[in-house]
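So the sequence lines, in the order shown, correspond to chains A and B. Per our numbering, residue 43 is the first one in the first sequence, and the count goes up by one each step. Per our numbering, residue 35 is the first one in the second sequence, and the count goes up by one each step.
None of these hints come from the bench; they were simulated from the model. Check before you lean on any hint, since a few could be wrong.
To be verified - Listed next, with one range per pair, are the computed distances between beta-carbon atoms:
{"no.": "1", "chain 1": "A", "residue 1": "Tyr569", "chain 2": "B", "residue 2": "Gly188", "range": "53 to 59 Å"}
{"no.": "2", "chain 1": "A", "residue 1": "Thr106", "chain 2": "B", "residue 2": "Gly69", "range": "38 to 44 Å"}
{"no.": "3", "chain 1": "B", "residue 1": "Asp193", "chain 2": "A", "residue 2": "Met67", "range": "55 to 61 Å"}
These numbers were taken from a predicted model, which means no experiment stands behind them. Glycine residues also receive a C-beta, built at the ideal position from the N, C-alpha and C atoms.
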Amino acid sequence: MAKTGKIYGINGPIVHIKGDVGLEMHEMVYVGNENLIGEVIGLNSDDTIIEVYEETTGMKPGETVTGTGSPVSVTLAPGILNNIFDGIERPLSEIARETGFYIGRGVNVDSLDVHKRWDTHITVKKGDHLFPGAIIAEVPETPAIVHKVMLPPDLEGYVLDVVPDGSYTIQERLLTLQLPDGTEKEITMTQKWPIRVPRPMAKRYPASVPLITGQRILDTLFPLAKGGTAAIPGGFGTGKTMTQHQIAKWSDADIIIYIGCGERGNEMTQVLEEFSELIDPKSGNPLMDRTTLIANTSNMPVAAREASLYSGLTLAEYYRDMGYDVAIMADSTSRWAEALRELSGRLEEMPAEEGFPAYLASRLSAFYERAGMVQNLNGTEGSVSIIGAVSPQGGDFSEPVTQNTKRFVRCFWGLDKSLAYARHYPAIQWMTSYSEYLNDLAPWYTDHVDKRFIDYRNQLMYLLNQENSLMEIVKLIGGDVLPDDQKLILEIAKVIRVGFLQQNAFHKDDTCVPMEKQFAMMDVILYLYRKSRSLVSMGMPMSVLKEDKMFEKVIAMKYDIPNDKPEMFEQYKKDIDAFYESVIERNA
Amino acid sequence: MAIEYLGLSAINGPLVVLEGVRGASYDEIVEMTVGGREKKLGRIIEVYEDKAIIQVFEGTDGMALRNTHTRLTGHPMELAVSEEMLGRTFNGIGQPIDGLGDIRSDVKLDVNGKPLNPVTREYPRNYIRTGISAIDGLTTLIRGQKLPIFSGNGLPHDDLAAQIVQQASLGDDSDEEFAIVFAAMGVKHDVADFFRRTFEESGVSSHVAMFVNLANDPVVERLITPKVALTLAEYLAFEKGMHILVILTDMTSFAEAMREVSSSKGEIPSRKGFPGYLYSELAAIYERAGIVKDGKGSVTQIPILTMPNDDITHPIPDLTGYITEGQIVLDRNLNGQSIYPPISVLPSLSRLMKDGIGEGYTRKDHQDVANQLFSCYAKVGDARALASVIGEDELSGLDKRYLEFGKAFEQHFIGQSPTENRTIVDTLTIGWQLLGMLPREELDRVDTRILDEYYVPADGASGAQETSQEAPLTEQEG
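Bound conformation, chain B alone:
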């Protein structure tokens, strides 16, 4: 029987200090009994000889210096994992909350995980078709990638994530085992409910494990939620050979929780009050995506974060962008024009795209089309800036064509309905129709041979009109 320590020497926010403790180890989990009834879990985050500083997951409400019994467990935070966890719902620290009983499993894993050895990683090359042109065509998602959605409050990031889940899960190779691990940190009740409903409606809910920490749940719990979720994901992917899509929402709440705990520890803040180790902590989460050699499964991550005040240079999106392999950025302006999904393509990027597309993967002209669309759309921005100064009428003929191109691009390439599932050929066809609105000499990113094969000019301005009417024809696929 392990020793129980009675009493605490200090309580400060989510942190408590326990003195006179023997044999406490760094990062160990402790069990606390408050007032003889309520049980709480805590983690030792600093230890000095016989003094341990403990972070309490469920919050320190109701705790007093004298009413708490603390017991050391002798191990770091662990999660019992099993395939049965699919179809179930858990709280932020991995305890079932759906009333279907405990998870029985002999396999217990340390939730902190360990870094994947770069030597044993396999470089991801298999693309995932999401059926969304702006993603498939321009920022292709690759299996084993971590591709976050940078969004803002009020933008339809949840709908987009749900659409990706629905369409990617029902893709061409649905014979392979596919599952979703969903981790919600500090989300609104409605959002959690939306996802639950969506999973049910699309018939995938038996393949989903949900870890839910709602906005009014304890803040500290949030710090462990993504780790718990990823521990399950890694187990299913690398031990059971499944393809796992992990959705983490909202990483901003996670980082804010870290700041809250850090400041109550009295740590020296670095940027905007966030602790200096924010990068390391985010990396410890995002890097848990990938494929290992000789393994069948994969972990693909789609973290969602809301940029505070839509500021992409805020530390959270900024550090995330440095770790993840690209980003999908949502834009308030496009959303205002009722374009769905409102993906701002210029700052969006998929770093792994270049090796997972082209001949043998999608189609040989894919990279060129993507580059050219990016380049032309960047020029649309210049033309618009000019038009706002001198008026649209004063623009040169070429600039006017760019304006038309830009409009058509936003409506027909980026824009699509939330249920439309386009094939890669559809996407590229629309791309070429749009490029046809521009004179051939403007297309400087495409190899001459590919231009010869695919480029069909639309006739001047009237041609542009036709193209924009033709584009929606490809909808029949969905």
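Chain A extracted, bound-state conformation:
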């Protein structure tokens, strides 16, 4: 018998029940006559506190709250990909079918389609002993991804009976398991998992493989490891969402979970439209086939916003358990933190910094620590990488969410307003950004790209740093008085900034650049630098070097050399040699 209570007080999304009616902490409850979904977030002997995931308008004291006996969970089975859910895994397209173009309240829909039949290939046989998390069947969920049906992590036993290959719904029995205590249990494709509990794993691996995104400034200067964590902080209009879209589109993760947490409705529509049309270069299928969207737009209920990040994480961990590399885009974690603050305020908790609750830091760390490259219970290897956007108030990175996030992520891609104003995109400021994964990933770059890669990357950073300190002088006295070797640094740094770091997301070639081309571009730029430097050291003035438009040509190579014609870079080196000769000839 489900436990019930009577509503005593209502304040926005927070509902109180007088006394303790036996509900558990984090238990999912149905609230009021409309059966709105809620969660128990506070218990004491004279007060039970519930947050409601939907608008509470029209609710009255005295209405009933009914417990479900289980914590807020997500349903895990085929049908998650190529779908869009709200913060608590309700499919928005089903909601649209029920309540039209507005999101209604108290809509009771299944998380996943229970009628659809999936082609199922069973991979176990009668008599097998299965360990927790074992893969029991394979289902082609989308043309791009094979869904591996697993035993829930808390079950093990012998297969007593198994169905043949065929098409099954997610609720039909696939096999019967004899548990160690002798009882029998029917196993379907579906499992449920509480969103606030990390799914178990066998062990963690250190970071060793980069998540290749096709974005030069990320892959080359500040790489993120698979299973790593990154934060993208930036004021409004600096391109957080754009950067996340680019990573979601082009990164080499197998699965993308895109969480629109308190962001714009039109953006989610855009992702949905664009990803359905764009083709994944790896698999040749639409990008949506490997993507799940979780949308809690800024005008959707605030309590579900707090839950949406955890829902997304749990889905990601589920695909990780199958052996996939999953990347989570959380846009934006500041909205999630503000949801915490809003709920905390309604609970009249003692505020810490800027009104945020004191547990902000521990919640953030618990969130980011669910990332990782791991060995799963079933022996496969998978990873969850988290890329969280942060929207600092007033673009000021000293605010609590940015500062606390910085403590728990190892990759920091700081966006800069002045770059964005000059429409230098991605507006990632190279002086403030960092990646702690660089050393962990150095062996991979050496083995898979080129053994000079890390050295070249450091040379680029050195030149950019030099430029930065020279600019201090230029700002005071102008660039004309600098000696030629310093003018050359400014000139080559411009080539790096405009020709390499700046990347055009709307250009068909430049939007995603393979590692080989990134390295070749670096190679050409540094070659130009070495040649020019020797010219300058011979006493050639910069004004002469600039006559040949060689610098402009190198800047334009990102557009002029298609991604599939790496051989053209050799020609550039020859051109640079010719440029070298011609300068000497003219000034001999």
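Given chain A, put chain B in place with the hints provided.
Only chain B this time, still in chain A's reference frame:
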């Protein structure tokens, strides 16, 4: 007959507490009769068993603990909507104040609205021509977008909004049904009057519904004004298939009202005393813009807000910028140089622009021209900073050209007369004339092929002079 409760147990600012009430629901509207004569509306914002905390829209003046009768209505705040509301004027909670009688309608909608399902939204792609170069060229307004104007006291944001309304409404596709919903929150009497006059002069006033809460009207009323206005806008757009432009002015007053009410409720403040839910509340307003699939109409929002002390990092513009799809920022310096509209282009942005311009929408070079103008104008700032240190004479030739470019850009591209209506081709032509003042190798944001097609260099400094004289030629269009 519903029960009336006599008396209150507390009054604090705009809030009153009613005890012993039965069956009150959260967010319900109550009707109060004060001293047997005056009627007021209130909203239940918290309810505990038999105690309700009520926010009174018209203010608590004249209310005493014993002279008030309260009646529950059993429903949240609703607005009777109809197409007849166009051409009419209402107060901040949607009651007619133009003396033309009540609105008769069977359709009553909850003013709180409901969130649009992202699945049923259509991504906005149709641009609206405003005839203003700085907007059309650099921060293009898209139908279904929410694009606020960040302004300061004393800047001509009202003129700009009025110009947008006039020129956008009389655009190329005026055959489609177009209407304006105007919501004023805490504005000065003169401002409300200015808009009324402008609408009349441009002949659109029969298509305008005005919701007016003046600066001396009750503060709490302001909290509901934008919601009432947007409820009408959504009805006209999504039920009646009209294209609605919503102007909300001034969002700062709205947020300040929220702070006032929040502090009288004794809530824990977050930033600058604003409540923690300021973001959610602003979002609930701004997100009510858009286009739905299979629908004909659209809701486009132009909220206006005055940045306190011109500070763009103040919570109100800051949170607004995180919700809206870009912003148009006005600048006091440009205004001081008598440049109208004084749009500071660098911090201005339209997020939806990239998908609504270019080939098939405006012209294929549009994005490149915009990027290049932004980039060059950003460099003008550097050159000016340098000139202020070492003097203009000491600058390199290139930096001097940038200074000239900057000046011409401000005068001829940004600057235009309040009645000038430029076509997109005019705007792009001026853009190319300005870019012609710079050497070709400086134009690093433009595709080489587009440069070949459009770039015409002006000859050195003298060429720059010519360009600046040619630019105004394009005025004939307006």
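Subject >> 55 to 61 Å as the expected CB spacing between Met67/A and Asp193/B, which holds or is violated >> reply: With Cβ atoms ~57 Å apart, the hint holds.
**OP:** Given the range 38 to 44 Å, decide if the beta-carbon distance of Thr106/A to Gly69/B lies inside it.
**Re:** Because 40 Å falls inside the window, the suggested range holds.
Original post:
Between Tyr569/A and Gly188/B, does the beta-carbon spacing fit 53 to 59 Å?
Top reply: The hint (53 to 59 Å, Cβ to Cβ) holds, given that Tyr569/A and Gly188/B are roughly 56 Å apart.
When the structure is compared with the earlier hints, no violation turns up for any of them.
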